[in-house]
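Protein chains: 2
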Amino acid sequence: MRTIGLGLMGFGTVGTGVVKLLQENRDVLEARLGARLTLKKIADLDIVTPRPVAIEPGLLTRRAEDLIADPDIDIVIELMGGFEPARTLILSALSSGKHVVTANKALLATHGNDIFREAEARGVNIGFEASVGGTIPVVKTLREALGGNHIRSIFAIMNGTSNFILSKMTDEGEPFATVLKQAQALGHAEADPTYDVEGIDTAHKLAIVLSLAYGRRVRLEDIYREGISHLTPQDIDLARELGYRIKLLAIAVEREGGIEARIHPTMIPFNHLLASVNSNFNAFHIIGDAADSVFLYGQGSGMMPTASAVVSDLMDIARDILKGISCRVPSRALHEASMPDIVILPMAELKTNYYFRFSAVDRPGVLSKISGILGQKDISIAAVIQKGRKRDGAVPVVMTTYKAREADVQAALREIDRLDVVMGKTQLCRIEDESL
Amino acid sequence: MRTIGLGLMGFGTVGTGVVKLLQENRDVLEARLGARLTLKKIADLDIVTPRPVAIEPGLLTRRAEDLIADPDIDIVIELMGGFEPARTLILSALSSGKHVVTANKALLATHGNDIFREAEARGVNIGFEASVGGTIPVVKTLREALGGNHIRSIFAIMNGTSNFILSKMTDEGEPFATVLKQAQALGHAEADPTYDVEGIDTAHKLAIVLSLAYGRRVRLEDIYREGISHLTPQDIDLARELGYRIKLLAIAVEREGGIEARIHPTMIPFNHLLASVNSNFNAFHIIGDAADSVFLYGQGSGMMPTASAVVSDLMDIARDILKGISCRVPSRALHEASMPDIVILPMAELKTNYYFRFSAVDRPGVLSKISGILGQKDISIAAVIQKGRKRDGAVPVVMTTYKAREADVQAALREIDRLDVVMGKTQLCRIEDESL
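Residue numbers (the numbering used here), protein chains in the order written: chain A, 1 to 436; chain B, 1 to 436.
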């Protein structure tokens, strides 16, 4: 049986999962592949701490460069994360003619252009299924299964930490800070949760997804991004009253002249499939012009689910190697040479539905002042909830709107927040509801 | 730009969709493929009726054999359906060295062994993504994306007609016969709905799914099968009271010694993702040992969604052709030569949870007689609902059970149905609920 040599860079959680999976599922892997995937070397700075998996002595090294120099290694698996030395090592592996599999979304979203161009120039494959949606085959689905479609839109939950926190806030009515601490204790959130809860991780993933869907390069800074740390249990309760759940969504919509690309907490109707995605699960609701709705759901992170995606890339590349070919499918759906930049529409020009929670003084005429300003800015009110219960001397006045322009909404809120009958900053949440 | 020649057999709804998709999405297809997919011939017995798509004159022929003889045709797309002449034509195309794409689940489930063996012997590809789950990339997901996993279980809704009928019965409280007529009027059910509502179509699809998941040949007759025509609005209401929705599920579970494979109406908890799959949508809940839960959802039928799956197969095969290779991935996950038969466990030995609706005479002691028999057969009762409302002189007594053996359940019901205090046949529905 032919052997495909693997080199693993990064022996952390996911790296350990990959080793475990290659060992434990060797039977199905060999039966399906007709070849053996063999780990030749594992590089990690920490060669001391024991991992929950047995490896041959001598496999482990501190020098990642050794893997690139090893002629027995066909595929390098990069699971170190971070920008350096991952970037340099990947580029060096590619230019040495090695195929690469990586889960490094931050790197691909930031330095993808160099990396994918190098892979194509060297005629080697780069697999990155594990970089987005963990175990969910969203790369394969966008690039291959939906290859005959124009992608109309993608609505996705791509950050398990944020979804875990929002789900828990929804179920238990606890504030963000409390739930974040619980998530950290359970290992569902990092000590510094900024990347996850401020939508940065989601932006990296959306950049990758956009390039696959539209065969275009994306500038990360063009994606509008807003996190979940400002959400309150009160907003979650009010959303529920309105028939909505709040999710941190990544949204991509094909529009005339470009693509809408934004990440922010979003109210979606209870009966939307994404509303049922709880805990740390991820999901993608993709609409193709021919396929119609396709919904994919699974574990977005975790040792074995992510390892499963890494191994699916390994199998794909191994199949090419066994047939003596490479680059059967362009990494980012189109050939790098012919790939134009994506045009992302400015957030200010987008139209969507809004939820506002004003902190108003309990006095006659407040509603008319607020709605007057909204009217001047061409913002039509769909619903109003005023419950009259005072909090810190103010009553919450909640409004939802029909489709309005972001720039108009921001201008209106600036004006409203200056009113002497309004106390504190108005809370805003965007709504995606086809019935509005 | 290189051209890949296509021949289409069957110019019905899906065939028309494929032609339309190749025309309308030529831009993305060519950009992603770097080649042109060109229809060389279309064969159909009806060359007169106009289709909602413009084709070059001279493309249409009544002789499907002409496509096989045409040296310009690389891939034959079979969308005629039925056993003959589809089977003979596919085998003939394969033995002429042509790749084949088909959506013909009945044919693959019944004559798959001959067809897949011939394809492998001739070194050509056979694509069948459209045969299961319509637009949902379940073939690709099982065979490639989850290739590193042992598949623990698959729970699926694979028949749009049955799901449409059950959803409408649930939402509107109408009986089966009424909803079937509405579905027929809307084009969601055939004039003879047997294939769909009796689970035959689902069995064909499950046979294909099983072979992909387990790399084994399946005998169709080993799959237990029960349809939806005996379900009543009363059972749907009672299920709702118990916290369940009824769906026609195809179930495959890996067990010691073999695979559990069954198709029947199933009560599942409201919060299960499959409970939210309504109208004519299909969905697959797959559990892999590494990947954990993966859920896929989309249109299981329809002109353009099915065409999207056909075109994804065409692109896959075209990519092999462009690289000068074939058979990169074994059609049924393993090489045909090394493929053993699957062991499907006998239904009588399986254990699951049950719902019974007894039609009991309203008289003291009935409950003790029924529960006595259940107890003798080792069937433990989880819940009882008795509402006392008479229907035709009988009151419905509803029970749910903890895990019980199918053979014991059938024996108990035979005995119970003979009791003089029980009027008419007891209604049985299986429950899948992890909390039971």
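There may be inaccurate statements among the hints.
[What the hints assert, rightly or not] If you want the footprint, here are the derived chain A segments under chain B, 3+ residues with CB under 8 Å:
hint, segment
1, 25-31
2, 289-299
3, 308-319
[Claimed, not checked] Cut-off 35 Å, straight-line C-alpha distance, at most; resulting in silico cross-link-like pairs (DSBU-like, lysine-lysine):
hint, chain 1, residue 1, chain 2, residue 2
4, B, 323, B, 351
5, B, 40, A, 20
6, A, 323, A, 351
7, A, 369, A, 351
8, A, 40, B, 323
9, B, 20, A, 20
10, B, 20, B, 181
11, B, 403, A, 323
12, A, 20, A, 40
13, A, 323, B, 20
14, B, 351, A, 20
15, A, 351, B, 181
16, A, 403, A, 425
17, A, 323, B, 40
18, B, 181, A, 403
Derived from the structure by calculation, the hints contain no laboratory data.
These figures come from a predicted structure and were not determined experimentally.
Ideal placement from N, C-alpha and C gives every residue a C-beta, glycine not left out.
Right, here's what the structure says about each hint:
1. 25-31: holds (count 4)
2. 289-299: Since three or more residues must qualify, the claim that chain B covers the segment 289-299 of chain A holds, with 11 doing so at under 8 Å.
3. 308-319: Contact hint for the segment 308-319 of chain A vs chain B: holds, 8 residues under 8 Å.
4. 323(B) to 351(B): Not satisfied, since the Cα-Cα distance of roughly 49 Å exceeds 35 Å.
5. 40(B) to 20(A): Status violated; Cα separation ~49 Å.
6. 323(A) to 351(A): This hinted pair is violated, its Cα atoms lying about 49 Å apart.
7. 369(A) to 351(A): The hint holds at about 23 Å.
8. 40(A) to 323(B): With Cα atoms ~29 Å apart, residue 40(A) and residue 323(B) stay inside 35 Å; holds.
9. 20(B) to 20(A): violated (47 Å)
10. 20(B) to 181(B): Since the Cα atoms of residue 20(B) and residue 181(B) sit roughly 31 Å apart, the hinted pair holds (cutoff 35 Å).
11. 403(B) to 323(A): At roughly 49 Å apart (the allowed maximum being 35 Å), residue 323(A) and residue 403(B) break the hint.
12. 20(A) to 40(A): Roughly 15 Å between the alpha carbons, so the hint for residue 20(A) and residue 40(A) holds.
13. 323(A) to 20(B): Given that 35 Å is the threshold and the Cα spacing comes to 33 Å, the pair holds.
14. 351(B) to 20(A): Distance of about 32 Å is within 35 Å: holds.
15. 351(A) to 181(B): At roughly 42 Å apart (the allowed maximum being 35 Å), residue 181(B) and residue 351(A) break the hint.
16. 403(A) to 425(A): Answer holds: residue 403(A) to residue 425(A) is near 22 Å, not above 35 Å.
17. 323(A) to 40(B): Given pair residue 323(A), residue 40(B) holds - Cα atoms ~29 Å apart, limit 35 Å.
18. 181(B) to 403(A): violated (39 Å)
In this structure, the earlier hints numbered 4, 5, 6, 9, 11, 15, 18 are contradicted, and the remaining ones agree with it.
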